[in-house]
Amino acid sequence: MASASLDSSYLELIINQSPDMICKYSLDKKIIFINETVHRAGGQVPQFYVGKSIYDFGYPPDFLKSFESGFDACARTKQVTSVQIHVPMGAFANTHFIITFVPILISQQGEDKLIGIFSVSRNATKEIEYNNLQKEKIEELQILSQRLIRKANKLQDFAHIVSHNLRSPISNLAGLFKLYDHATNDEERAEIIGFMKKTFYSLGQTIEDLNEVVKINQHVEVKIEKLYFVDILLHVQESISLSIVETDTLIECDFSACDAVQYNKAYMESIMLNLLTNAIKYRSPERRPHVRFFSYLKDNIVHLVCKDNGLGINLQKHGHKIFGLHKTFHGNQDARGVGLYITKNQIEAMGGTISVESIEGEGTTFTLQLTIPPINEEN
Amino acid sequence: MKKINILCVIDDDSVYHYTVQKTVEHFGFAGKVMKFFDGESAIQFFSDVVHRRSEQDLPDVILLDLNMPVMDGWDFLEEYILLRPHIGKPILVYIVSSSVHQRDLERAKTISEVSDYLIKPITDTHFRSIIDELN
Numbered sequence: 001m002a003s004a005s006l007d008s009s010y011l012e013l014i015i016n017q018s019p020d021m022i023c024k025y026s027l028d029k030k031i032i033f034i035n036e037t038v039h040r041a042g043g044q045v046p047q048f049y050v051g052k053s054i055y056d057f058g059y060p061p062d063f064l065k066s067f068e069s070g071f072d073a074c075a076r077t078k079q080v081t082s083v084q085i086h087v088p089m090g091a092f093a094n095t096h097f098i099i100t101f102v103p104i105l106i107s108q109q110g111e112d113k114l115i116g117i118f119s120v121s122r123n124a125t126k127e128i129e130y131n132n133l134q135k136e137k138i139e140e141l142q143i144l145s146q147r148l149i150r151k152a153n154k155l156q157d158f159a160h161i162v163s164h165n166l167r168s169p170i171s172n173l174a175g176l177f178k179l180y181d182h183a184t185n186d187e188e189r190a191e192i193i194g195f196m197k198k199t200f201y202s203l204g205q206t207i208e209d210l211n212e213v214v215k216i217n218q219h220v221e222v223k224i225e226k227l228y229f230v231d232i233l234l235h236v237q238e239s240i241s242l243s244i245v246e247t248d249t250l251i252e253c254d255f256s257a258c259d260a261v262q263y264n265k266a267y268m269e270s271i272m273l274n275l276l277t278n279a280i281k282y283r284s285p286e287r288r289p290h291v292r293f294f295s296y297l298k299d300n301i302v303h304l305v306c307k308d309n310g311l312g313i314n315l316q317k318h319g320h321k322i323f324g325l326h327k328t329f330h331g332n333q334d335a336r337g338v339g340l341y342i343t344k345n346q347i348e349a350m351g352g353t354i355s356v357e358s359i360e361g362e363g364t365t366f367t368l369q370l371t372i373p374p375i376n377e378e379n
Numbered sequence: 001m002k003k004i005n006i007l008c009v010i011d012d013d014s015v016y017h018y019t020v021q022k023t024v025e026h027f028g029f030a031g032k033v034m035k036f037f038d039g040e041s042a043i044q045f046f047s048d049v050v051h052r053r054s055e056q057d058l059p060d061v062i063l064l065d066l067n068m069p070v071m072d073g074w075d076f077l078e079e080y081i082l083l084r085p086h087i088g089k090p091i092l093v094y095i096v097s098s099s100v101h102q103r104d105l106e107r108a109k110t111i112s113e114v115s116d117y118l119i120k121p122i123t124d125t126h127f128r129s130i131i132d133e134l135n
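Taken in order, these protein sequences are the chains called A and B.
FYI, in our numbering the residues of the first sequence are 1 to 379.
FYI, in our numbering the residues of the second sequence are 1 to 135.
Think of the hints as simulated: they come from the structure by calculation, not from any bench.
Some hints here could point you the wrong way.
[Unchecked claim] DSSO-like, lysine-lysine: derived pairs with alpha carbons at most 27 Å apart:
| # | chain 1 | residue 1 | chain 2 | residue 2 |
| --- | --- | --- | --- | --- |
| 1 | B | K3 | B | K32 |
| 2 | A | K24 | A | K126 |
| 3 | A | K137 | A | K154 |
| 4 | A | K223 | A | K154 |
| 5 | B | K35 | A | K198 |
| 6 | A | K178 | B | K3 |
| 7 | B | K32 | B | K89 |
| 8 | B | K35 | A | K281 |
| 9 | A | K30 | A | K113 |
| 10 | A | K265 | A | K226 |
| 11 | B | K35 | A | K317 |
| 12 | A | K113 | A | K65 |
| 13 | A | K178 | B | K32 |
| 14 | A | K151 | A | K215 |
| 15 | A | K317 | A | K281 |
| 16 | A | K198 | A | K281 |
| 17 | A | K197 | A | K178 |
| 18 | A | K198 | A | K215 |
| 19 | A | K29 | A | K78 |
| 20 | A | K281 | A | K307 |
| 21 | A | K307 | A | K317 |
| 22 | A | K197 | B | K35 |
| 23 | B | K35 | A | K178 |
| 24 | A | K281 | A | K265 |
| 25 | B | K35 | B | K109 |
| 26 | B | K109 | A | K317 |
| 27 | B | K2 | A | K178 |
Make the full structure from the sequences, and use the hints.
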């Protein structure tokens, strides 16, 4: 005999054998009924639950808040409402539930009157944890792809730099060879050879500079050691003492807030040397050159600052190329435009950053974030 | 052969200046060569001439480099375009650069003052076509 409706005696079977926990509540959130799944899973007799309010089980506030939001929304709208809840403790510790609240309505004078609410709680721990894992993986992949994009951009920049910086001396050589062919006397030829030598030398310099950058970016294991800023600065000052004396440069330092850093010695020396020579090179003719180095710790990152009272630079005009290779701004004779590019590469290879602030005619401040690599105890 | 009366070279590279000077001398392409090592000193000269109203000092052809310290070629062009309405004499401006960057080539095309974009090294063939353009 076929029937369109289900014998109501089966309903109890379905309710009690359901893998979902089913409860019925009064409007004041008291439990009126639980299916067998609840006490099977919770290991408690039905009396433990029935007649008690949802607030009587010592659930943490977060749990109650989520429960209330679903329950109250269902009561207010008289619509089926679902919420996702994480149980942190008790028999269901670390379980995620999706709770669906179903309003129990009776028709009274043509209006739906709410008399209670059913909740159907489905254990969704596995899928939610899986989703969370997916999210984490996606975030990881996004970070990785950003890193790759940065790396690709850097490589492209480098390719441009190589192409541009090799092109100009090579085109000069080509021009000189052509001149040589047209030369009419030995004197002219000797002069042309002189220029060829000069160009060839600068080509060699360029290749050396580019090699330096490649080396820095190869990430070969650089030795990390504890370096005192003052030691490095003294060493650097000594190596260029002649130009310091000649230019009467006043150098001050204050490393009291953070006196040392875990870093590669050769890099730190090169970085401080470049900052100092840069400050001296672009000194203002109007005042005594004054360079100040200081350091501090912020967000657990060692910061090093180099501040000068030199010419300054128009960052709006030149800001995008200040750390470029072979870019000079002041028409300075001995400016090779190498230092800051190398400095930037060294700092970035160590995971740090360099930024610049400047006011034309007043001076320039370089701020370095030297990310501290983990200390290797064996060193 | 017709030649350039005054040629103006704006470039920070002294070897390049030398090759231009020598090529011009050898073939007799120009009467006079003016040299500037960055855009700023060049634009200073142009604005002085405009103020003095001595147009006879102005060049017929400018060879302009892009990558220069102090004021680069693009910045020079910006200032030059502002001066242009005050100058009666026709002047041909050529960008001469070792940059083969598409971005630079495209940008040069958008500036109507620029006659052409020449890629270094500059040779006698270039000068011959510049002189043809002058006629």
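Cross-check of the supplied hints:
1. B:K3 x B:K32: With a Cα-Cα distance of about 10 Å, the restraint between K3 of chain B and K32 of chain B holds, given a limit of 27 Å.
2. A:K24 x A:K126: holds (26 Å)
3. A:K137 x A:K154: The given pair, whose Cα atoms are some 25 Å apart, holds under the 27 Å limit.
4. A:K223 x A:K154: OK: K223 of chain A and K154 of chain A at ~24 Å, within 27 Å.
5. B:K35 x A:K198: holds (20 Å)
6. A:K178 x B:K3: Roughly 21 Å separates the two Cα atoms, so the pair holds.
7. B:K32 x B:K89: holds (17 Å)
8. B:K35 x A:K281: holds (25 Å)
9. A:K30 x A:K113: The hint holds at about 18 Å.
10. A:K265 x A:K226: Given that 27 Å is the threshold and the Cα spacing comes to 9 Å, the pair holds.
11. B:K35 x A:K317: Given pair K35 of chain B, K317 of chain A holds - Cα atoms ~24 Å apart, limit 27 Å.
12. A:K113 x A:K65: holds (25 Å)
13. A:K178 x B:K32: Distance of about 21 Å is within 27 Å: holds.
14. A:K151 x A:K215: Status holds; Cα separation ~15 Å.
15. A:K317 x A:K281: holds (20 Å)
16. A:K198 x A:K281: holds (23 Å)
17. A:K197 x A:K178: The hint holds at about 15 Å.
18. A:K198 x A:K215: It holds: about 26 Å lies between the C-alpha atoms, which stays within 27 Å.
19. A:K29 x A:K78: Between K29 of chain A and K78 of chain A the Cα gap is close to 15 Å, so the pair holds against 27 Å.
20. A:K281 x A:K307: holds (14 Å)
21. A:K307 x A:K317: holds (20 Å)
22. A:K197 x B:K35: Holds, at roughly 23 Å.
23. B:K35 x A:K178: holds (21 Å)
24. A:K281 x A:K265: Judged against 27 Å, a Cα distance of about 24 Å means the pair holds.
25. B:K35 x B:K109: Since the Cα atoms of K35 of chain B and K109 of chain B sit roughly 25 Å apart, the hinted pair holds (cutoff 27 Å).
26. B:K109 x A:K317: Distance ~22 Å between K109 of chain B and K317 of chain A Cα, so the pair holds.
27. B:K2 x A:K178: At roughly 23 Å apart (the allowed maximum being 27 Å), K178 of chain A and K2 of chain B satisfy the hint.
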